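Protein sequences, first through last, are from chains A and B.
Oh and the first sequence: position 15 is 15 in the numbering used here, straight run, nothing missing.
Oh and the second sequence: position 92 is 92 in the numbering used here, straight run, nothing missing.
Don't take each hint at face value.
Residues on chain B that point at chain A, a partial pick, calculated with CB under 7 Å [unchecked claim]: (1) G46; (2) G59; (3) H60; (4) L187; (5) V188; (6) V255; (7) W256; (8) Q260; (9) F264; (10) S267.
The hints are simulated quantities; they were obtained by calculation from the structure and are not laboratory data.
All values derive from a computational prediction rather than experimental measurement.
Ideal placement from N, C-alpha and C gives every residue a C-beta, glycine not left out.
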Amino acid sequence: MFEQLKKLVQFYDEVLSMPHRQEIARELRDEDDLFMLLLYSEMIGIPNPVYYYTLELYPYMMEKFHDWHLRMGMEKSPLTGIRCC
Amino acid sequence: MSGILVALLGIVVLSLGYRYYSKFVAEKIFRLDPNYVTPAHRYKDGVDFVPTNKFVLWGHHFTSVAGAAPILGPAIAVYWGWLPAFLWVILGTVFAAGVHDFGTLVLSVRNKGQSVGTLAHRLVGQRAKILFLFIILILVLMVNAVFAWVISNLFISYPASVLPVFIQIPLAIWIGHAVYKRNKKMLVPSLFALAAMYLAAILASKVGFLQIDLVQYMGGEDGSGLFGLGAVSTAFLIWIVILMIYVYIASTLPVWKLLQPRDFINSHQLVVGLGILYLGLLFTNPEMTAPVTNANPDTPWLPLLFITIACGAISGFHGLVSSGTSSKQLDKETDARMVGYLGAVGEGVLALVSIIAVATFFANTDEFLATYSSFSAANGAGLGVFVEGAAGLAGGLAIPPDIATTIVSIIVVSFAATTLDTSVRLMRYIIAELGVEYKVPALTKTHVATTVAVVSSAALVLLPEGPKGFGSGGYQLWPLFGTANQLLAGISLMLIAVWLKRLGRNYAVVLIPMIFLMFMTLYAMFQQVLFEWSWFGSNSNTLLFVLGAIIFVFAIWIILTAFSVLSGKQETPLDDDTENYG
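Isolated chain B, as found in the complex:
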């Protein structure tokens, strides 16, 4: 089957979802009202609460939620064949992610622009807030570990990408300074910075000594490194330590100094990336060589497919963006449909092209099956195959393969680095908040909280051992990342359901995806924790066992809370939001 056809089919279904399903939800369930005075107008302060044009807000929402996760998940899940991954991305986006992102936005707009965490406290109670904080803590810990692995892995596999990525840091600091101190516009300098990065990418792809290849410096894969470790293990160790030092500095500096200008440059890369992939697809029109479904998988697709692809089908992280920033900037309540639902559709489109890039990369099905020989092989190889596959699509735009590979790996590293920066900062805030909650004042100090965040993330990424030794097994954490993300989405869906129920509306549109998600998460964790990671499991691993067990308990907790709240045993009065009509 042609790749273009698959992309078209997906985009048509997503458009129909937006055109009809989101309209139904907006009009019949959420009953959006153009006359409602949104928090952006009511609490307008020029900083957090600013009424913003819906197209601009959608663009901002989309660039905040799209990252490396919707690329990595589908690239692994193609293991079960491209059709299951395709169906879950498309149907998940239409019926779960769209409603979730849209719903959290509306819920927050109707409740003074408060975030999901605060709303959990108000709608369900103190326990729900603590549960929520712990789930986010686990999620950001997983994000830090997984993305640190992603970046180190790409630096080791594609050493030409190191120089361009590091050049970005001084450029970003310079741009941040120019904008803050001299009030300059950021667009032109950031485009120059991007051009400088890509120039460095071209040079590094062609000139050997510009490639910072740690493994080569230590005498190749069989060479010996530090502390009696192998060369690859040492390379992982060095990159992870460098990354952790970097995120420590980046997350304690004021955001305008480094993070904001870096995000600005990286946002261009989202456009470049999507442009290269979709235009390349149009020009090369590759065939889907991966099997439609994998006839003999060693791990069944049910339930793991639904946690392998989290971002791109449904992701709890989006609720944090929806209720954290976007809800405070919504001009009219009716804009929520476009910002929230279409934001999720944007991410679905990114996940879709990731599936196509991987499924069209191989010359034939046998080659695919040789690389994706087992589920754990798929976990390890997915990212690399995406980079090669995307570079193959870029070939359609006459970009030489070595340069295309470097540029695609830079794009993925940049996405992962943006997520890593944000999540370390977020983890620092959560640790500080838990410090306040449990009266441990030391944890509220910036450097103590950041140290705890960075050291625990580094420990988590270094512990799982992969086929290439120490540090290379970070991908084993991927299913845990997926489940933590789904649990967060589950909590947000529960809050929307509680809110709708109190308003006397039909809440089945959020309850069904919530039950589906919670069931799949519980099923997957039960299977993984008991049959894979426990002492008598096939792949015994204490760390994964403990983390999985914690997530399992949290999932049960959410279900019990949801049951008790939705069956009407707990009742907390809601604010009367009629005052918000002008």
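So here's chain A without its partners, still in its complex pose:
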């Protein structure tokens, strides 16, 4: 009985949290996108004073690069040196 009640509460919580979870995921993704833009700043001609460090991040960023440039409205990869689409 108690288990079932717990399940019901969990289900109810999940139903109501769904749109909220989505919004928070969207906000966090927007923040991430902005951060990515800062990291790729040299690409748009802004000198990056910490490029030495961001360079180290590139291998981690590469996985997300394709989705990122699509979200930024660029159909094809803006960078020639990177193997993307």
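Since chain A is already given, all that's left is putting chain B on it; use the hints.
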């Protein structure tokens, strides 16, 4: 006749509709396939495209579509007697709303989770998209005006509801902050917020000075207000201005700050509301005192019944939810039947209890006829009667009548406010999109678009004059809201028909409700525009005339487009969706 019997009868028919008719549509017409790779899996991104359990998705879909509209429409339509309203809600849900909500969901799932607007462009062409945008624009404008009137009206009629509703705003901001910044769960804090609101409701019902009664402050109904207006007119003006300032702020803030946590608290109220009404019905077992049919109505039920009850029988707004969010989260294609069709059934159940609450409220038929003396009287009184009737049902749960009235009015205000928030935000997006389409860059700016949305909505709600003066005539816009909603449903049904036709399937299940809806909309608008609102009509009103005429033209446009597309004169290739099999 007993209220319980009517509810049971309705629920049985709705269940049969779900059990048999939706199964038929799912298997024979839409031919749902459990192996189809849905957009949620194909484009999974953890934000928009997330495969979701069908029960959870149904719950979310239902809470998104249920609001104040399925309460208000039936409460007015009981004017023609409870039977016509009952039949239209039940049969409309089974044969029109269910198929529409279910169909838009499947159509979107089969087309990369795209929304109805984008699909209109792809299936019919650029003109259809613009037509679609304009109809949504009219619809959201009507929603803003009507719901601003609903909230102001309830604040004036039930001043005890003001404090609890306003307490919700800081509570929601606090919850939103706690969840976003500290990653807390929302369930427990939101239940505390709800408890705080209801506590405030009990206090405000008992303690006079906690009731924010603007009319009383200005010396009662006969008192004088600002700018030489009467007290009631001034109260309407003040509430509408406050509401518009609120929606301006709410719709420009990030959604997680205020809107999402408010929606979360308000979703509890849907459960509370439905629980109070159905349990109350069970315990009080009231008799239906409203007449079965009204023998001498001053306005014939045909065709107005079908636009007075839009939400609750069929509503185009659901197609936006189906194709906008639910389709991107559907785990299996076969789940669409439960999410879409049963979502519509849920709304039918809400409309059903609204009919019963109103039809059982009066002591006898004479009292009913005295309040619902004419169609325009019914339009003005419907909402108040629902609140009183629902409070009467709540009496069965031993809730004192004054507290019950406050709580029911808070529930209706909350539903209306959720809809108002969403629709102002939606209107802002549409204005921005039209700005892009017609190359007016200024309109794409958030604050310009929001200002246009808020000012036009405020102007529309303040213009029609009602019996209590300036601003109190917002209910006159209700038939226009109904028609705009039906037109939107008509467009969506047309798109489903076009899609089915291209697949070589039988599309009569969507074509028949579409023709029925378009015929009723045209008939109603023709009658209203020409004989009621025009210069030589009985109730001449330029504003309603212009809006009605625009809707009339749009309806004809949809019918012509549907005819030309369905007769095969236009042909746009469809994507080959076979690639979506894993």
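Going through the hints against the structure:
no. : hint : result
1   : G46  : 6 Å, holds
2   : G59  : 3 Å, holds
3   : H60  : 5 Å, holds
4   : L187 : 4 Å, holds
5   : V188 : 9 Å, violated
6   : V255 : 5 Å, holds
7   : W256 : 5 Å, holds
8   : Q260 : 5 Å, holds
9   : F264 : 5 Å, holds
10  : S267 : 5 Å, holds
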